[in-house]
Each structure stands twice: as C-alpha cells, then as structure tokens.
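Novice: In order, the protein sequence lines correspond to chains A, B, C and D.
Counting in this note's numbering, the first sequence runs from 48 upward without gaps.
Counting in this note's numbering, the second sequence runs from 48 upward without gaps.
Counting in this note's numbering, the third sequence runs from 48 upward without gaps.
Counting in this note's numbering, the fourth sequence runs from 48 upward without gaps.
Hints in this document: simulated from the structure, not taken from any laboratory.
Fair warning: there could be bad hints in the mix.
No copy is singled out in the list; a pair is fine if it fits within one copy or between any two copies.
[What the hints assert, rightly or not] Straight line, CA to CA, 27 Å or less: simulated BS3-like cross-link-like pairs of lysine-lysine: (1) K128 - K367; (2) K282 - K272; (3) K350 - K90; (4) K331 - K350; (5) K159 - K103; (6) K272 - K87; (7) K350 - K87; (8) K354 - K90; (9) K384 - K282; (10) K128 - K282; (11) K87 - K97; (12) K339 - K90; (13) K339 - K272; (14) K229 - K378; (15) K128 - K159; (16) K331 - K282; (17) K339 - K353; (18) K339 - K87; (19) K378 - K103; (20) K229 - K350; (21) K384 - K229; (22) K87 - K282.
Protein chains: 4
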Amino acid sequence: MINAAVIGYGYWGPNLVRNFIDNPDSNLLYVCDLDEARVKNLKIRYPQIKTTTNYKDILHDDSVQLVAIATPVSTHYRIAKDALNAGKHVLLEKPMTVRISEAEKLIDLAAKKNLILFVDHTFIYTGAVRHIRDLIAAGHLGDIYYFDSVRVNLGLFQHDVNVIWDLAPHDFSIMDYFISEKPVSVSAIGSACVLGEVEEIAYITVRFVSGLIAHFNVNWMSPVKIRRLMIGGSKKMVVFDDLIPDEKIKIYDKGLLLDLKKKSKDEVYKKIIQYRIGDMYSPKIESSEALKTEIAHLIDCIKHNKKPTTDGEAGLRVVKLLDAAHRSLCKGSACVKI
Amino acid sequence: MINAAVIGYGYWGPNLVRNFIDNPDSNLLYVCDLDEARVKNLKIRYPQIKTTTNYKDILHDDSVQLVAIATPVSTHYRIAKDALNAGKHVLLEKPMTVRISEAEKLIDLAAKKNLILFVDHTFIYTGAVRHIRDLIAAGHLGDIYYFDSVRVNLGLFQHDVNVIWDLAPHDFSIMDYFISEKPVSVSAIGSACVLGEVEEIAYITVRFVSGLIAHFNVNWMSPVKIRRLMIGGSKKMVVFDDLIPDEKIKIYDKGLLLDLKKKSKDEVYKKIIQYRIGDMYSPKIESSEALKTEIAHLIDCIKHNKKPTTDGEAGLRVVKLLDAAHRSLCKGSACVKI
Amino acid sequence: MINAAVIGYGYWGPNLVRNFIDNPDSNLLYVCDLDEARVKNLKIRYPQIKTTTNYKDILHDDSVQLVAIATPVSTHYRIAKDALNAGKHVLLEKPMTVRISEAEKLIDLAAKKNLILFVDHTFIYTGAVRHIRDLIAAGHLGDIYYFDSVRVNLGLFQHDVNVIWDLAPHDFSIMDYFISEKPVSVSAIGSACVLGEVEEIAYITVRFVSGLIAHFNVNWMSPVKIRRLMIGGSKKMVVFDDLIPDEKIKIYDKGLLLDLKKKSKDEVYKKIIQYRIGDMYSPKIESSEALKTEIAHLIDCIKHNKKPTTDGEAGLRVVKLLDAAHRSLCKGSACVKI
Amino acid sequence: MINAAVIGYGYWGPNLVRNFIDNPDSNLLYVCDLDEARVKNLKIRYPQIKTTTNYKDILHDDSVQLVAIATPVSTHYRIAKDALNAGKHVLLEKPMTVRISEAEKLIDLAAKKNLILFVDHTFIYTGAVRHIRDLIAAGHLGDIYYFDSVRVNLGLFQHDVNVIWDLAPHDFSIMDYFISEKPVSVSAIGSACVLGEVEEIAYITVRFVSGLIAHFNVNWMSPVKIRRLMIGGSKKMVVFDDLIPDEKIKIYDKGLLLDLKKKSKDEVYKKIIQYRIGDMYSPKIESSEALKTEIAHLIDCIKHNKKPTTDGEAGLRVVKLLDAAHRSLCKGSACVKI
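With the hints as extra help, turn the sequences into a complete structure.
Specialist: Quick look at the structure:
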C-alpha cells in the first residue's frame, strides 16, 4: 500500500484524488490547495482525507511516500524539488517544467535519490494511443510520412501561458511516444489576436531527418471542438478522432502503388502510380480510464523500482519541443534547431 | 446569344460543356481536345457540336465570341493570349497562369482589346461562399482573427505541379473574396514524402498587417476527404464544411466578453474575461450549381461590358499568393513578402 | 437540511449517492444494497456513510426523511410502500411500478400521509428537454404531427423485463412532458429474437385523437447507439440528438406552405403546396447535470410541500403506457385502448 | 446494338436517357413526354434524339427493340402492355404496377411473347447492396434477427400515391433481394397529418415465420434526410448509410455470446450471456453508377435471352408488399397476410 498525497485541487486534481482513492494499492492521506473553499468542498465529499493549504505539511509527514503535483506549471520545479529532497516519489503534471534546465535538474535529483519521477502524460495510457503505437511499432503503417494534429476548442483561456504551453504538451507527448526518430527543428506561427499578449492560436511544424513532417494546430478561439490526429504511412493511414466514442481509431488501407521496376522516370510517373483504396477498419479499443491505468503503472514502478513509460526523460523531451516552439514564435517563426 | 467554344475536355471541360449547352443565352459551337478518344465520346453524347484537336481552328472561326480554356495550367498563357489576339472573350481555368508576369500581360492585352478576361474561381459563385462574404461585409463577424482552411483527400496526383498549385487556388480565391485587406507575407512548409519530387502535402500561412492570420492545409495523401474552412471573428465565428449537403455553413455566436473599463491590466485579465456561448444557426443556402451562376454572370458581363467578379485582377492576386508560397517552399519555408 | 438514504447501489445508485453528497441541502446518512462487495466499495470512497444490507434498518431510523429507491422494478412497490408507511418521502426509479394498481396505491398512500412521491424521470430535468417543452408550450412548432423516437444500442440485457420496460420509460416520460393531449391507444410489435423469452427489439405506436402519431423504436441488439427524437410540427420541426455534445437540439424552419384560400380542391393540390425550407438553429442549452437539478427540485418540494414536476401521477401515466404496450405485444400487436 | 426509347422525361427519365446514350451497346432513338417544354429542353441538349408526345409513335417504329417506361405508376400497366404487345422488351419503373393482377398479367404477356420484362429496382445494382447481399448469402451475418430501414426527408410530395407507394419500393426491393425467406404478413400505421388525404408518414412491419422482423419508417415530413438500413444477425451486424460517401457500409463484429451447455435455465441467464464487441470494418465498395450497371445487365439479358435479377417476378413481390401495406392502413393497421 502506497501512501499518497495530492497537491493542487483545481481542474485536474479531483481526477487524481478519485483515482488514488479507487486504486486498491494506494492510500490517499492528504490533499493540499491554497484555496480554502476548494479544500472545504473536498472535505464534504471525502471527510477521511487530511487537508492543508501548505504543501510543506505533507512533505514533513514521513508516512507519505508519493506526491502528485497538479499546480500551475510555474510552481512545478520548486514543489517537485522539495518533494524529492524530502524523499518522496513524484507524479508531476504536464508540462513538466517551464525550463529545460529545471527538468534536467529534477531528473538528476530523482536519480541521485533513487526516487520515481513520473510525468502525467495521460494520453499515453489510453487504449487508443497504445493501439496506434503498437501498429506503428509492428510496421503496419510502413514509413511514416506525416503526423497531423488538430486540437482546437473555445477556451480555457490562461493568462500565464500561451496556447502552445496549454494544449501542445498532449500532442507532443503522443508524437514522442509514436515516433522513435529524434526531431531536428521546430517552427511556430501564432497570433495573440484577442488580447494581444499570449498567443491564442498557433501552428507548429516539427521536422525530422527522414523527411517526416509533424504539424500541430492548437487554438483556444475555435467555435467547435476538434481532437483529430491523422498519420499517413506508406502502407496504411490512421485517423484518431478522440470525440467519437465508439470508433476513435480508423485505419485505412489506402495509399499509392508504385511499380519502381520501370526504368525511365517518365514511365514511373505517367503509367505506374495508382491509388490503392482498400477497406477501413476500426479496432475495438480498451475503454478503461487512462488515469486509472496510469496510476496503477506508477504504483507498480514505485513498488518494483521500474522505469515508468512516461518518466522524467519523456517529460524533458516534451519541454524541449515546447521551448523550441516558444523561441520560434519569439523569432518571427524562425526554424529553431533542437 | 453568345457563341462559345471549350478548349480542353478532360476533368473539368465536361462541366463547362454541359453548362454552356444548358445556358439559354449561349450557343456552344466547338470543343477542342488533343485526345481523340475524348472527342469521340463527346461526339456520341452531343453530335451537334463541332470538334477539333487544334484550338486554332476555333480562333479562326469569326462566329466564336467566347473561348473557355480548361487545359493544363502551363498552356494557359499561350492559348489565352492567342484567343485574346483573335478577338475572343476568355474564360480561363484557375490558376490563371504559372507566372505573375503572364497574368499581368493577359490583363493588359484584354484591356487593350476591350475583351472580357474571366477567371474560373468557381467557389465564388456558390451560395455558401456568397453568404459568408455578405456576413463579413456587413460586419456581422466583427474583426476577423483567423481564416483556417483544410482541403485534403487522396489524390488526384499531378506530376507537373505540386499540391499547392493544385488545391490552394480554391482557398486563396475564397480568402481573396472575403478579406479586403492585402496580405503582406506568405510562408509555406511542405513535404514530397512519397515520390520525392513535387510536394504532396503542404501548410501555408499568410499574414496581414492587422494581425489576421490565414492558414491552409493542403494534402493529396489524406485517407479522408476534408473540406473545412473556419473563420474566427470578434463577434461571431463561422464553419463552412462543403461536405455536409444541407448545413454547409454554421454560424456560432461565440467569443470572448471583455470588460475593458477596468483600469488595471491585472483586473482585466483575472476578472473580466468570459466566454460568450450563444446559439448556432445554419442559414438556408441557395443550392443552384455554381458554374451555372458563373456562366450566366460571364455572359452578362460580355453582353453589357461589365467587370466580372472574378476578373483577371482576381486571378492575378491568387497567382501572386501561389508564387509566394512556392518561393517560400524553395527557400526552406522562409517568409516571402508579397 | 434533508436527511437522505439510498436503497440500491447498482447501476444508477452511485449517481444518486454522489448527487446527494454534493447537494448542500441534503445529508446522505445511509446506503443499502444486498451485495456486500458493493457496499464495501462504497465504504472505501465514502467512509462517512452508514451502510446496511437490510433496508428496514433505514426505515427504522427516525432521522431519515427521504428514501431514494434504485432497486429492480419488481421490488419498487413493496419498498416504496414500506417507506411511505414509515413516514419517509420517496424518490422512486423509473418505471415506477410493474402494475398500474400498485402505482395508484402508492399515490393514494403518499397523499394520505402527506408525503412527497417523486419519480426519477431524469430526462425531464435536462436542459434540452426543457427547452423543447418550452418551444412546444409557446406554440413555436405549431400543431404537432408526429413524435418519432429511436433509442437503440447493444445491451444492457435484462432478464426480468423486456426492452420496452427497460428503455421506453425514458421516451414515454418525455412524450408525456411534451404532449398535453391524452393518448388513446397503443400498439406494439416486438421480437424475442435471440433468447426467445423477453423481447429484445420492439416498435411501439401511440395514437392520439388529434391524429398525432408517436412512434418508438427500442432495441438492445443494435450495433450502434442512437438516441434521436424527431418532432414534426406544422410550423417548425425539431431533432434532439442526445449524443451530439454541443448541438443536441436542432430546430428547422421547414414545412409546407398551403394557400387554402383557393376554392377547388384540385387547385389546392396541384398549385399551392410548396416546401418552406428556411434556416436551422441550434440553441445554447444549459449543461448542468440533470440529476443535480432534479434533486434540488425534490428537496425544494419536500421543504415547501410543493407538487413535483415528476410526481406519482406522471409515473402512473408512464406505467399505463408500458402496460398497454405490453398487453399489445401479448395480443399479437393488437391496438390496446388506454 | 439495341435500339431503345424512353417514355417519360420527368424526374427519373433524364437519368435513363443519359445512361442509354453512354452505353456502348445501346442506341437511344426516341424520347416521349406529354410536356412539350421538357421535350424541347431535351432537344437542345440532344438534338440527335427523335421526340414525340405520343408513345404509340414509338411502338409503331419497328426499329425500336426496348422501351423504358418512366411515367406515373398509374399508367405503367397500360403502356407496358402496349409495348409488350408491340413486341418490345420493357424496362419498367418501380413500383411495377398499382395492382397485383396487373403485374401478373404483364409477367404472363412477356413470357408468352418471349420478351424481357425488367423492373428498375435501381438499388439492387449498387455496389453497397450487392456487397451486403453477398455477406448474407455467405452466412457471415448468421441468422438474421431484424431488418430496420429508415427513409425519411422533406418531400417530394405526391398527390396520387401515399408515402408508402413512393418510398417503400426501394426498401422492399432491397429486403426481397437480401432475404430469401417469404414474408407472411404486413401491418402498417400511417398518418395523413398535413392534408388529411394521402399518408405522409408511415411505419410498416413485415413478419416472417422464422421470427425475423422487418420494419420500415417512411416519411415525407422529416426535416432531415436519413437513408439508413440496419441488419442484425447472430454473428455480425450491418449498418448501411447511403448518405456517407466513402463508408456506406459498416460491419460490426458484435453480438451476444451464449454458452448453452449449462444445464439450468437460470445459469444460462445469469452467468453465461456476454456481449461480444469486436472490430468494425467498412469494405471498399464499387462506386460506379447503379443505373449504368443495371442497363448493361438489361442489354445483356436481351442479347442472350437471360433472366434479369430484377425481373417481373421481383417487381410482383414488391407490389404484393405494397398492396398488403396499403390494405393494412385501410383496415386500421390490421395484420394482413401475404
């Protein structure tokens, strides 16, 4: 039984709390939030949980083994560092930190202390994302040509970070999980159209040596909600639409047929290219809650000292992409090397 | 009654032929195509039409007043120039020409000869596009923040032009029709992922002085067909999905409410931003065929010597955008001024 | 503060429990279920709640004022009767009872004891259903021609009741809420195609004197989930699709134009009928949880001795429709008077 | 080369004309229509075709071998009889005739004259319908539990026939093609809600000895267009949505798992029923125009004296269903034996 605490009871914290309560191998001892009203609400639902507005109370309690941190991103580094120094395992919301150097320091500190540093890239624990990753790893899609992601909706507006820091961590973590090749450069275009301060809409392109191109459309000012990822491969193509309950993944047996045995280039072009349009299928996907799977994995990693799928290194890779996109925006969409 | 001829009976030519036949004010005399089989097929359906494989036969016939040119884009300039020099009014497929200078020369020539030079930007004659344009012109959307267009499907692959030249003319012509402000720069990112020669996928961004950002996703390698344009305004937002037969346009009364009377910036940010989420409505759209409306407009312009909505200048503005996107691709996605 | 208890912690009970905990005017004292494992699970999440496997323990506790009953329908009458006799207000799951006479007896008993008898017709407390009801009540749809409901999916299979008793109470309660006219007859057709015992698929027709026809398609063996209600009126038509998160209701300004001033019948028919096809709009709908609204209404009714919207009479009207449909099935789809 | 004529150039006639012109083995000599304006329009498009307003002109021309009849249904019998008596092969629009006896007489007459009598059940020649029929015939769906069809939209209103005669022939012909078992009874419920004369909305149920139930929803007063057929089998289930261009057919590997080896009935019920939820796939469907395929088949049947897939017998079976549905309506939804 792992004794856990949650710091931050805002948008995401209640999901962490519920899942720690329901996990049979964890025991949720504490919840911390600066807002007294939130803490009071929690107390009505779950009177058995100790509450505090000072996270250091939690760190001083030796019975706590694991701290889940769901506070604003600017506070991640400080709280996670304190928790690791207090000997606690850490689950850290995404994005992991604001700065690359901070992520690196946390990784080093966790390694030195022999503690688990786990980043909450929740999508990696969904049945849909795992299914696509297995398809790619098994070579069923062939060579990957493009990765095209759209994540747009109206709000939630944030004042301290732009839309890239808010929405792109999801898609960067999925890309990082799917594509083993390392990205080489990032360019980003955005517009702070409404308030003129932080970008509310942005388009990001990530390039790879192989020619693979990844593109991300993130937008807080869209009248409709779209959550769609398309992946084009030489053998098959995939559409992942997270808003369709029963058919999230569609796999298309479509592509081009090329007969490359022909000698002259003209013959290849004029005569041999054909579209291959075959069947589509939509596999049954495991529908259990991602956070439940994730927390079970986290507890298993703590118990058996295993490396998590979404460890500090995965978190760092995402922060590097965010940092590069941010610098590209600042430099007028310049191409920024990673 | 205007005597017309169609040059080029490939993908689009049959639509021109059918519409010239059905228009009560036009008389289709000739069709020209280099492919004898196509001409033969035409002759079976419409034995009353004269056919030729040499377009000069048409230009030499003094009874022909109007020539519609639906040949590969590389031949547009030469055929259109010959037709204008022969004293014919010209309907030219999009994109108008390959080079900016060619478009400019055709405009000058038509002006000198006092002939109509009309570019077939078909979308401008759809009920949906006209409806949105009226909304924008009347100020119903408020300030336009973004114009986001997706036009993707599997093929038709073309060997002489890339996906930008093939698909973006549609969306550039729509943007040109909607946005009176002049664009200042274009950047484009693409990938020739399959064959390594012409780009099969591309993302283009057009910037304006006002901060308005326009983005275009064009892709020949998508397993699904998407034709969706989103326009975000300060008052309302529009989604135009050309694949939904009865509800092509949806207008969302959504946006942000800002109370700017507050003095301190912090107060504006923390307390006064709210989402406005109101009703959506989908107006009834005139459903007549765009090409029918277009040809009626063309004939009216010829008869009464009027300036067409999609004249040579409109064609030239689209060619300038295509040219800038193309140069940006060649320069590694550099930002190209217009 | 109303002291409440929940009897039955199966499929729906956990929603009742959560909402009673979160309601600021209620205090959830007890939960009862025959299954010890379920009770144990509850105890882990909510250690503050007393549990029992014998509902009489709850009835004997004088501090309990309200009992919510979410047990199998065959037990409703007995438990509700006991609860009313013990002086408790009652929230009863739908369908209210198996027999018409039982529903009538509960209504009488509650009246005699001056207790609230409330039936959990949850849909009546959704923003979408309330919006449509307001449209109808205000005459915006004109005369109602038809009410066409489809509620199909794969399972949940039940062994003690057929698909009509399982699914149709939702739609009957909505129809009852929308249509003030009394139904005159019911006919039902069904098939016990898989197991040959209870009907897994059924079609029900309800007729009204005015000519209004209501039709219900309920099916446990559908590969896809459909939750769609269409209402056709002389002025407007409504589609309510409960599976579309942001556009549940669409209101169509469509219908027929009839110029009835013409004298001869033939003229009316041949010349004057035209389709009126106008705009569609989708109003913004209040999105708060229906059960939250419902429980607040229930507590308000208890506190101020008000008549609930979904009182025993509403529950009885639905049981009468179910009973008639059931008898029609047994008589080979005969038309059964109500 | 078969010399053909088309009688009736209203809604469907132009499609017949175009397809006879394009078919390389047919030669369209004549078109007949009572409306001079329509004939004039045809003449502008296709000056090579002879026109008349008297169909007897066509029957008197010995060079005509095949007559396609696309006139109002009340005239089918007379014109088809005259054509067969004049020695012409006949393509007859659906429904074949108004009366069962008329259909039987035409079948006899064609047999006696050794002429092809072909009914235009167009759907039978679509790739989608043929694909589903092949699945059923190969046993992939297992036992068929239900056939559920929805065909609703706004208009076209007809004055001489009700919505069943207008829309149900499509679905009856598909059911007839899929289900080899003979139907035993039909019941129909309808409402003449708008004009009070012909039914604008109707629900029809067809029963079979095996327990298979077929249900049809046809409606001229629906604000939205739906064309959806669901077929539930013991092994697989199919949804055919004719309005989705690229994924018309979806095949679901869903159903129930029953372990019938258990002895007691209670055990079977409580423990052994499970849902089987597997993958969905959408096969690639041949997309050529159905009428093109149909006319090629018709000409092949004429040339080689073959029995057509949609012969007079198929037309008669559909007329029998229409007749039974009509009589059920007249008898207050009584169950009518076939």
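Novice: Now tell me if each hint is right for this structure.
Specialist: Each hint tested on the structure:
| no. | hint | result |
| --- | --- | --- |
| 1 | K128 - K367 | within (19 Å within a copy, 54 Å between copies) |
| 2 | K282 - K272 | between (30 Å within a copy, 18 Å between copies) |
| 3 | K350 - K90 | between (29 Å within a copy, 26 Å between copies) |
| 4 | K331 - K350 | neither (31 Å within a copy, 49 Å between copies) |
| 5 | K159 - K103 | within (21 Å within a copy, 59 Å between copies) |
| 6 | K272 - K87 | neither (33 Å within a copy, 39 Å between copies) |
| 7 | K350 - K87 | between (32 Å within a copy, 25 Å between copies) |
| 8 | K354 - K90 | neither (34 Å within a copy, 33 Å between copies) |
| 9 | K384 - K282 | neither (30 Å within a copy, 39 Å between copies) |
| 10 | K128 - K282 | neither (45 Å within a copy, 45 Å between copies) |
| 11 | K87 - K97 | both (11 Å within a copy, 21 Å between copies) |
| 12 | K339 - K90 | both (22 Å within a copy, 19 Å between copies) |
| 13 | K339 - K272 | both (25 Å within a copy, 25 Å between copies) |
| 14 | K229 - K378 | both (23 Å within a copy, 23 Å between copies) |
| 15 | K128 - K159 | within (12 Å within a copy, 66 Å between copies) |
| 16 | K331 - K282 | both (21 Å within a copy, 16 Å between copies) |
| 17 | K339 - K353 | within (18 Å within a copy, 43 Å between copies) |
| 18 | K339 - K87 | both (25 Å within a copy, 19 Å between copies) |
| 19 | K378 - K103 | neither (40 Å within a copy, 54 Å between copies) |
| 20 | K229 - K350 | neither (31 Å within a copy, 62 Å between copies) |
| 21 | K384 - K229 | within (11 Å within a copy, 32 Å between copies) |
| 22 | K87 - K282 | neither (55 Å within a copy, 39 Å between copies) |
This entry does not satisfy hints 4, 6, 8, 9, 10, 19, 20 and 22, going by the numbered hints stated previously.
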